[in-house]
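*Asks:* Below, each chain spelled out in residue letters.
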Amino acid sequence: MSEQPTLFELSRPGRSGTEPPEPDASLPALADCLAEDHLRQEPSGLPELAESSTVRHYTRLSGLNMSIDTNFYPLGSCTMKYNPRINEVVASNPGFSHVHPLCEDHELQGYLELFSRLEKMLAEISGLPHVSLQPAAGAHGELASLMMIKARCRERGELERDVVLIPDSAHGTNPSSCTIAGFKTRNINSGEDGTIDLDSLHEALGPDVAAMMITNPNTLGIFESRIDEISALLHEAGALLYMDGANMNAILGITRPGDFGVDVMHFNLHKTMSTPHGGGGPGSGPIAVTDELEPYLPVPRIVRSEDGLELCGDRPLSIGKVRSFFGNSGILVRAYAFIRAHGPEELRGISEHAVLNANYIRHRLEQAYHLPYDTPCMHEVVFTAKKQKAGGIRALDIAKRLIDLGYHPPTIYFPLVVHEALMIEPTETETPETLDRFCEAMLQIAREAEENPDLLKAAPVTQVVKRLDEVNAVKTPILTCPCDEQPSEVEAG
Amino acid sequence: MTRPVDLKYSPSHEWARIEDGIVTVGITDHAVEQLGDLVFVDLPEAGTAIGRGDAFGEIESTKSASELFAPFSGEITEVNSELADDLAPLAADPFGAGWMIKINISNPDEVSELIDLEQYEELIAREGDH
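Chains as they are written, first to last, in numbering that gives the first Met the number 0: chain A, 0 to 492; chain B, 0 to 129.
Just so you know, the hints here were simulated from the structure itself, not pulled from any lab data. Hints are supplied without guarantee of correctness; some may be wrong.
Calculated cross-link-like contacts (lysine-lysine; reagent style DSSO-like; alpha-carbon spacing at most 30 Å) [to be verified]: (1) A/K119 to A/K320; (2) A/K474 to B/K101; (3) A/K183 to B/K101.
Predicted, not measured: the structure shown is a model, and the values here were computed from it.
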C-alpha cells in the first residue's frame, strides 16, 4: 500500500498541529509526580504532523472504505444493516450525549426512563419478561448469561452440571463463552436437513448438562422447526435453553424465543436494531430471561419507586456488574429510536422483507451456485463454491472478485459444517434493483470461474490493496513502525 | 493423493498407524485440503497422558482453528517438532512427514471405535455438501 503513507511516514520532527498555551500556573516537575520507572526516557515516537495533513490523511483513507453507506454489504450472520439517520439525531440530543455517567439517579431520569422502556420492548419482542441492557456485545451477553446459568447451578447445588451442548453450526463465540464461564462443551450434530439432529441431542443429554446454546434460525439460515421438542427435552432433563440472538432479524414479531421454550437469550442491538458496528461503533448485547433466572441478572437493576426510577444493587443472587455504568448507553438510545420509529407492525415487516430478500437471492443464484440445503431459507442463504471448485476456484476467490465489482464480500467459510461456504445476508433495506445488480455480479463471477479463472484468483485487481498474503499476515506480522530506529520483525507464536 | 489402506481413520479426520503398541497419529489429506492455507499447529509435550477423544492439540488455518483429537488413550511418547516451524511437510505429505504425535497406547481395543479407509472415504464423500 505504498501509495498510502502512514502517519508515521508523513511525520516530520518538530511539526505540530496545535500549540497549547503556556500554563498560567506553576506545574510540579514530572519526576515529583511519577516514579522513575514510569517516566519515559525516550520520546514516545508519536507522529508529528500539521492538522491539515492529519485531516487529509484520514479523509483520504475513509474514501477507500467499503461500508454500508457506500456499498451493498451482504455479510451473512453479521446483519450489516443500514443505520437510519434518525437514530443519530436522537442520540445526539444533549440530554443524552452530554450526561455524565457519575450523575445521581434523580439527575438521570430521562436516561433511566428510556432504559426502562427499552427493557420492556425487548421483553415483549423476546417473550422473556426480564431484561438487562448491560452487556456490551453479543459474546458479552453470552458470557453474562452463562455466568447466570452457573450461578443457578450453584444455588441449586447442581455443580455437577458442567456441560453445555453446542450444535456444530454454532457461532464460535458460543463454545468460547462456555469455556470462560467454566463449562465444558459437547457437540451436537446437524442432521441432513441442516437442523439439530434429535438423536444426537438424546445421546448427549445427561445429568451433567446445564444448558444448550442454540441459534434460531441457525447459522445455515434455517429455522429449527422442532425447537419445542428440543426445549421440552432439555427442561425434562433439568437443563436450560439459551438462544444466541444473532439471527433475530428473521423472526421479529413473528415468533418469540420465550414462547418456544428459551430460558435466556441475548440480542445484538448492533445487528437487529440497526445500531452501527463492524468498526463503526460499539456493540450492545442485552440479555432477556425468564422469571426463574431474574434474580441472577447483573446489577444494578432499574426499579421504579415513589421518587421515580432508581438503580438498585441490592440483589444477593446477582452475578454482579458486567459492565461499567449502564452498558453502551448511546447505542441503547439508537436502538430505542429504531424500535419507536418502526412500531410493532413494521418490526414484523422488517423480518418479512429480510426473509423475502434472502430467498430472492437464493432463487436467482440457485442454478449457478450449489445450495447445500435445498429448503427455503430465513434471512440469510448459504451457498457453496462446489460447482466452481472443479476449476480450482474457492469461495475466497469469489469473495475477492466481488470487491472488484463493488460489493462487500459475504461471509465465507462459515458455518464450518459447510465446505467452501458463501453466506449471504441482504437485510430488509435493499431495493430490488440492488439485489438484481448483486445477483448479476454473482452470475458474472460464476461465468468467469469457467472462462477466466485466473482473473478470480488474482482478484481484487481494481483496489488500492490487491490480494493479501493471509498466511504471512498471520505468521509474521510486522508490529513495528518505520519511525523506530532499529526496525525488527516480531515473530508471532 | 492415494490414501494408505493400512491405516485406521477417525470421523474427525485423524489417521492412526498401529505398530507394536505404538500409534502414530496425523491428519488426512482431506482435512488438510479443507483447512486451506495452514498457519500454526499446537502440539503437546512428549510425556503427556491423553484419553481417547481428547483434544491433543490445535491446528489453525486462514479459515479456521480446529482441535486435534486423540484416536487412542495412552502416553504421548514423541512429537513431530519440525511442524512447529514449518507446516510444509504436513501440506505435502500428511500421511508421512506430516505425522504429529506417537502414542504408547493403553487400550488396544479402542481400535474398534475407528473406521477403515473405505468407510472414511464414504464419510467424506457425504459430508459438507448434503
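*Asks:* None of the hints should be skipped; say for each whether it holds.
*Replies:* Hint check:
Proposed proximity of A/K119 and A/K320 is supported: the alpha carbons are some 20 Å apart, at most 30 Å. Restraint check: the Cα-Cα separation between A/K474 and B/K101 comes to about 26 Å, which is no more than 30 Å; the hinted pair holds. Pair hint A/K183 plus B/K101 holds up; C-alpha atoms about 26 Å apart against a cutoff of 30 Å.
The structure is consistent with each of the numbered hints, conforming to all of them.
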